[in-house]
Amino acid sequence: MSESHAKLGFLRSYVFSTDHKVIGIQYGITALLFLFFGLCLMMMMRWQLAYPGEAIPIIGGLLGETLVDDGAMLPSFYNSLGAMHGTIMVFMGIVPLAVGAFGNYIVPLQIGAPDMAFPRLNMASYQAFVIGGLVMLSSFFLPGGAASSGWTSYAPLSVTATTGQTFWLIGMIFLIASSLLGAINFIVTIIHLRAEGLTFFRLPFFIWSQLVTAFLLLLAFPPLQVAAIFQLMDRLADTSFFMPTGLVSGGDPVAAVGGGSPLLWQHLFWFLAHPEVYVLILPGMGIVAEVIANNSRKPLWGYRPMVYSLLFLGFMSFCVWAHHMYMTGMGTTMSTFFQITTMIISIPSVIILTCLVISLWGASIRFPVPMLFALAFLPMFGIGGLTGLPLGLAAPDAHFHDTYYVIGHFHYVVAPGTIFAMFAGIYHWYPKVTGRQMNVPLGKLHFWLSFVFMNGIFMPMMFEGMAGVSRRLFDPTVYEIGAAVHGLTTMSSWSAWLLALSQIPFIINFFMSMRKKERAEENPWQATTLEWATSTPPPHGNFVEPPVVYSGPYEYSVPGASSDFSPQFIKQES
Amino acid sequence: MNDPQYGWWLPPDVSVHGADIDFMINAIHWFMLALFIFWGGFIVYCLIRFRARPGHVAIYRDIEAKWNRWLEIGVAVAETVVLVVFAMPVWAKIKDDLPLAPEQDAMVVRVVAEQFKWLFHYPGRDGTFGKTGPEFYADDNPAGLDFDDEAGWDDITVRGFHFPVDRPVIARLTAKDVIHSFKIPVMRITQDVVPGMEITIWFQAKETGRFQVGCAQLCGLGHYEMKANLVIESKEDFQKWLDEEHEALGLDE
Amino acid sequence: MSEIVIPYRTEPHPLTGVTSGKLGIWLFLASEVMLFGALFSSYVLLRVGAAEGTWPTGVEAGLNVPIGTFNTLVLITSSITMVMSWASLKMGNPGAFKRYMGATIALGMLFLVVKGFEYSGKFHHGIFPATGWPGASDPSTFYGFYFTITGLHALHVFLGILVNIWLLVWGLALYKTEPERFAGRVEISGLYWHFVDLVWIFLFPLLYLL
Amino acid sequence: MSEAVAISESEAARVKSHLRVYVMVFVALAVLTVVTVAISYLHLPTALAITVAMVVATVKATLVAGYFMHLLSEEKVILWLLVLCAAFLVFLFALPLGTETGNGPLWPQ
Chain E
256 MSESHAKLGF LRSYVFSTDH KVIGIQYGIT ALLFLFFGLC LMMMMRWQLA
306 YPGEAIPIIG GLLGETLVDD GAMLPSFYNS LGAMHGTIMV FMGIVPLAVG
356 AFGNYIVPLQ IGAPDMAFPR LNMASYQAFV IGGLVMLSSF FLPGGAASSG
406 WTSYAPLSVT ATTGQTFWLI GMIFLIASSL LGAINFIVTI IHLRAEGLTF
456 FRLPFFIWSQ LVTAFLLLLA FPPLQVAAIF QLMDRLADTS FFMPTGLVSG
506 GDPVAAVGGG SPLLWQHLFW FLAHPEVYVL ILPGMGIVAE VIANNSRKPL
556 WGYRPMVYSL LFLGFMSFCV WAHHMYMTGM GTTMSTFFQI TTMIISIPSV
606 IILTCLVISL WGASIRFPVP MLFALAFLPM FGIGGLTGLP LGLAAPDAHF
656 HDTYYVIGHF HYVVAPGTIF AMFAGIYHWY PKVTGRQMNV PLGKLHFWLS
706 FVFMNGIFMP MMFEGMAGVS RRLFDPTVYE IGAAVHGLTT MSSWSAWLLA
756 LSQIPFIINF FMSMRKKERA EENPWQATTL EWATSTPPPH GNFVEPPVVY
806 SGPYEYSVPG ASSDFSPQFI KQES
Chain G
106 MNDPQYGWWL PPDVSVHGAD IDFMINAIHW FMLALFIFWG GFIVYCLIRF
156 RARPGHVAIY RDIEAKWNRW LEIGVAVAET VVLVVFAMPV WAKIKDDLPL
206 APEQDAMVVR VVAEQFKWLF HYPGRDGTFG KTGPEFYADD NPAGLDFDDE
256 AGWDDITVRG FHFPVDRPVI ARLTAKDVIH SFKIPVMRIT QDVVPGMEIT
306 IWFQAKETGR FQVGCAQLCG LGHYEMKANL VIESKEDFQK WLDEEHEALG
356 LDE
Chain D
3 MSEIVIPYRT EPHPLTGVTS GKLGIWLFLA SEVMLFGALF SSYVLLRVGA
53 AEGTWPTGVE AGLNVPIGTF NTLVLITSSI TMVMSWASLK MGNPGAFKRY
103 MGATIALGML FLVVKGFEYS GKFHHGIFPA TGWPGASDPS TFYGFYFTIT
153 GLHALHVFLG ILVNIWLLVW GLALYKTEPE RFAGRVEISG LYWHFVDLVW
203 IFLFPLLYLL
Chain A
386 MSEAVAISES EAARVKSHLR VYVMVFVALA VLTVVTVAIS YLHLPTALAI
436 TVAMVVATVK ATLVAGYFMH LLSEEKVILW LLVLCAAFLV FLFALPLGTE
486 TGNGPLWPQ
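Chains as they are written, first to last, in my numbering: chain E, 256 to 829; chain G, 106 to 358; chain D, 3 to 212; chain A, 386 to 494.
Covered by chain E, according to a simulated footprint, are these stretches of chain D (three or more residues, beta-carbon under 8 Å):
hint	stretch
1	7-20
2	31-41
3	121-135
4	148-160
Honestly, the hints are just simulated from the structure, not real lab data. Just so it is clear, the structure is predicted and the values come from calculations on it, not from any experiment. Just so you know, even glycine gets a beta-carbon here, dropped at the ideal spot from N, CA and C.
Go ahead and model the full structure; you've got the sequences and the hints to work with.
Right, dumping it as structure tokens:
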């Protein structure tokens, strides 16, 4: 392409850039802001749960009359917070951070490519993400508030909900389009732009996880796109795809003609949303694998079984969706099928986790901040995975369905699981992006506080769920059971607020470290993978000379080598 | 009247089928705990024994670990056992073995869910439900009864749920507006109530007591308040309650 | 900036044997298969679940089979002109490319115009997406599906027309410097266009005839 | 700068040899369209009608994909991609199985 060599303006270099590194940073900053916003929504919810009906301190007086009454939260606002917390965290926080930010920044570097295969498509996918995000956010200012039917948006409740739901659907359509474009880009990039010598089984595990994730996004998102279009039609054109015949609301017939099925929405939604769970966790696993291999100074144990497990996991994730629907009146044949597939899909997760754990045996383990987060990921994800077991079986699910046990379960997977993996990634690759190291004492403070309070939030939820407290209750104390375990709720809330405070060291660290004078070394972690083959931070075009790969991704502590790491891009004397 | 003790673990169980579920939940959690302690112990041991220190070098060659395969096979076997021996038969019994035979003497009740109330519809003395349909729903007719149908004249519709102990209950669940979920924690029951469908479940209590029915599926602004009182009583007390409700209909005057 | 040369834009990758663009468009089409697959699957679910006698055939519901047939032929013709425009480029005849591409665009527009008349005819008879068939008391969602699926398909046709117009008017400049790369772009647009045709091949009998 | 690549003579000849096939496929598609419509006027029983219509549509789709989209001579990677996609499509179509929509008859009273 013959574009001018003139210095690019601010807009072209930072806003409408096609450089994958800039786009990766844009994704990262946006996603972190959304995560922080989602955290704020959660803190308000936790106030209502711990002190039902009491005025929210400080901000209670600032919110409008449609949201609070004398500073105390209204049920409509609570439901909006619940729905938007889930949506923002999943679709606008973790996925853009894990795939958009880490994927964009690291993937081309780790495979030795000059950029993504389609740089302009990459920019378009970021823009679609921003538009979707803004549509979602703007719904908070609508008369009826933001979407309030849960992040699952079950029909018919969502079809008859306020305008916020329409914005939710339009926002989702943009976010889905963004993910689809991104997925195409990642797959082509990983298949076509690998450096010379970088065969598939020399790919770092992180690249594998991104490849599988991209396939999940590519093939699972379209059904949700369809579902969103159907629901938009139901809302705007009064069709009845999700509206059965004979609906009566408050004594009056509902406007919809009928003939549809509320379960159709659930099927289409979970057909996406179960693979989506793996979209949330797989990139996290990839990052953890990188960090553990690097800091245990030995090759990952069982790299190939891990890759095969990953592929199998991706494939199986498409045939377990209905285990979210055991309690919808499904027949025993269907539930038997889905119980079996659910048990099968747990095996590859166990294999991956076991391989990561065994990798520690015989290692020489260093404990920098990213390694702390990566190590904490293992037991935390373990708890999340194990508690999935009773939920995957229909009979115990008859007790646990839609209780706090479910909330505790999936938060253990995504919060101390994925988010810890994301922190590990941030601490690990921060020097690559900025050329500076993050402050270690602040990082350790951040880790230990987060670790304690994460568990402080979610462990009580397990017990609340065990006791039988339902989720999504504006005020759980109206039930005898909810009142009996209210102490647990309060503990959870205080942990949540303290967790938010524990992020202050991280935020300070994140911004202060950027302005540090002292530069990081070119390869501060003595890592073997290709992103360290170029200067830090990498120049435009990434590599001055296209790198050539001579060995597998984790050649640490090779006997007879001059140092304890043998980078992929350096030919070893043999 | 007893005062159920709710705490950090499972709530009291007054249902006949609940023991199986509770056994599964407890067994799975012991299994989980064992696995977690094993994994956690292994990690901690590794972190201490293989920490980086001067003179310590990581082992490059593959560690020969056989036990991991045994662990994975063990997990798979345990899951298969739980699945085949417990999960599937228990669930099939709960779902499919409806006590329809006359000698089982099941009591049938319609449960109608709407924003944000439960309605319990008993067939009355004639043992037959009146004709119902969505077109008959009105403020003074929340059960949607067709008043032209004589079978419905003695039907009892109430907001609190009463049923007798030691007798199977068949509940036919319908929703008027959105998806609700019929949940009684002490009975180990959760069943989504989907508008446009009638879903049939059954259960049987083994103890009497006063509890609560709740809604477990987000159904709108008043979702959190959508509860009903539940009275499980002896057959005599239940009959007495039915008689009182029947008299309140005023049909005999 | 971009002195960055991203490889495999024009030349096929040794492992896969295709260019990045072609792999990309097939990935996109795979996701489109899932999109229309979900539409068809939902159609089957609601049709099978519909109460006895409430799901009409297209004729019963008042769809015009001759017009539908005509539109099918229009799309099929546009497919052959699309493939001919690509073949003309490959044979080094940009003039023929322009004629064939122009014809493709015109046929696509004709399809949309006919579809527009069909829609307005339905609206004229008081038939909207929300209309239940046969009546409001015993409805099926036939019209909902008819309008949603054909509408989504028409949107795909519209986007295809936009891409083709871009190729014809602005994209052709690339032919002078990199003919192979431009032919690749036309091929990619063609793959998308044929896919849209292929979807209609299923839609037409499903909605109009069955 | 990637250098301008002229389209090779052999490539042009290869494409030229395909032109006849394209026209034949087009004719076949047109004929099959008419056939589908004609069959619909026979008023076959519903199950048979659906089967016939879908078989004809599949044949037409195969022609379009095979010749216009060059799938018959396409690289293996594309075919594998479509096989993968087809597998997930099977799951997607399994979705209507065993799902009660609630518009059929309710539990007998």
